[in-house]
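Hey, can you work out the whole structure from these sequences and the hints?
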Amino acid sequence: MPKFTPSSAHQGIAVFSNPKSVGFDYWVALCMGATLTEMAVASFHLDAGQSISIVFPTTIPATLGTYPVNLKITSGSMLASKSDESIIVEEEVITYRYYIWGYVSKPGAIDAEGNWIPGTGGGIPGTVTLAYTEKVSGPPYQKPGGTFKTIQTSSDGMWNTGHIERTTPIGRLFIKASCPGYKDSEWEWFDPKNNQMTRKDVMLFPVQ
1 MPKFTPSSAH QGIAVFSNPK SVGFDYWVAL CMGATLTEMA VASFHLDAGQ SISIVFPTTI
61 PATLGTYPVN LKITSGSMLA SKSDESIIVE EEVITYRYYI WGYVSKPGAI DAEGNWIPGT
121 GGGIPGTVTL AYTEKVSGPP YQKPGGTFKT IQTSSDGMWN TGHIERTTPI GRLFIKASCP
181 GYKDSEWEWF DPKNNQMTRK DVMLFPVQ
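In terms of this note's numbering, the sequence shown opens at residue 1 and continues consecutively.
Note that these hints are calculated values from the structure, not bench results.
The beta-carbon is built from N, C-alpha and C at its ideal position, and this holds for glycine as well.
Be careful, since some hints might not be right.
[As the list claims (entries may be wrong)] With a straight-line Cα cutoff of 30 Å, these simulated DSSO-like cross-link-like pairs (lysine-lysine) come out: (1) K149 <-> K183; (2) K3 <-> K72; (3) K82 <-> K3.
[To be verified] Quick list of simulated restraints, FRET-style, between CB atoms: (4) A34 <-> S75: 18 to 28 Å; (5) G181 <-> T5: 43 to 53 Å; (6) Q152 <-> S53: 39 to 49 Å; (7) I73 <-> R97: 41 to 51 Å; (8) E85 <-> G171: 36 to 46 Å; (9) I73 <-> S154: 51 to 61 Å; (10) T95 <-> G181: 29 to 39 Å; (11) G33 <-> Q152: 37 to 47 Å.
The following block contains the structure:
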């Protein structure tokens, strides 16, 4: 069933046809709920064999729940009702996604001529483990107590990427990345809740 947020504005569209050999005047009401509350009305004329699309500007009810939708059609002394479908009125759910990218750094080196070559990034697919815990309080960069939760990751050969998905924002995150042969990397991510989709990069360096 279609889902809508409370008190939101929408447009319902219905197509009407007159299969008879003479024209008729029509009055139609778009109704919602078990009591057939009229949400929008329209009146029009259809000649023989004519069809028309009617737009019904509608405000969704403010109360959460399931509402049957009906069309109440009147032409002269004739009254008909068409049950169209039901809709669900519910609060919008916002999904917050926090992406964490683990990056492995290759060590620097000295070439044959004695020149220093800075280290570069180089992925080790599937070996970077990312974990996090929420930090409620405490000084900046101080590792909080509690259990770290491991994040499922995937690799493109350079980055190992994982994300946290929530319906409520996170205030502060403490992130830990580890990889065999590399120093564990720990970072505090301040106030990531400002965006519904945001990213933090974490780099690991070789054990010397």
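Could you work out which of the previously given hints the structure breaks and list their numbers from low to high? No numbers; nothing is violated.
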